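Just need the whole structure built from these sequences, with the hints factored in.
Chain order of the listed sequences is A and B. With this note's numbering, the residue at position 56 of the first sequence is 56, and numbering never jumps. Position in the second sequence (from 1) plus 1000 gives the number in this note's numbering.
Don't read these hints as lab results, they were simulated from the structure. Model, not experiment: these values are computed from the prediction. Ideal placement from N, C-alpha and C gives every residue a C-beta, glycine not left out. One or more of the hints may lead you astray.
[What the hints assert, rightly or not] Partner residues are not named here, just some residues of chain B that face chain A (Cβ under 7 Å, in silico): (1) T1032; (2) P1040; (3) S1043; (4) I1093; (5) P1109.
Here's the letter readout for the chains.
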Amino acid sequence: AQSVAQPEDQVNVAEGNPLTVKCTYSVSGNPYLFWYVQYPNRGLQFLLKYITGDNLVKGSYGFEAEFNKSQTSFHLKKPSALVSDSALYFCAVRPPGGNTGKLIFGQGTTLQVKP
Amino acid sequence: GAVVSQHPSRVICKSGTSVKIECRSLDFQATTMFWYRQFPKQSLMLMATSNEGSKATYEQGVEKDKFLINHASLTLSTLTVTSAHPEDSSFYICSAIAGGPYNEQFFGPGTRLTVL
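Set out below in structure tokens:
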């Protein structure tokens, strides 16, 4: 079955330190990969996506993610965390083929950045 | 570009009443929209795929007669929660595909439904 896993319910980092939010997927073929952020009582905001090409993708607000095909991972990273980065982060995968645009979401990871 | 709005942002209703939530793509035409439900601190659960001019495709376990979806135009989809009950209280989020080769989804801000 196709799935996305975010193994950490919560990640805690100190402001100014680098952060990593992990994501692995189980999808056959070459999927499209996305990261979204959600602030309380808000919809999802797009951060970045991987379609093809360079494995390191840069996105909004200084975030980046590295696609690793052999490890089927797409971890989200930021060199220096801000308190305002504290939010709920979702990894999502669009399986290849078909034309529906459906996404499979991970369970989400709460990022807590402390001053 | 690619802005999706939802109305209302929050609604409180009595048990047994029906509630309509609108999802609009403001600056693009969306042939496909999605409706999600999200419980506190949980992931998004896809409820249905809404296609303009045709019947919605519901995910397994989602009651079609309970959650009525209408996609009457390329910029508007509505979700009506019929005969709402307290267990229907949730955060409902829509998204729309802006077209293009990657079918990227853009999300609305969500609607908080509370059924008393």
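Hints and how they fare:
no. : hint  : verdict
1   : T1032 : 6 Å, holds
2   : P1040 : 10 Å, violated
3   : S1043 : 5 Å, holds
4   : I1093 : 5 Å, holds
5   : P1109 : 4 Å, holds
Hint violations for this structure: number 2 only, all remaining hints satisfied.
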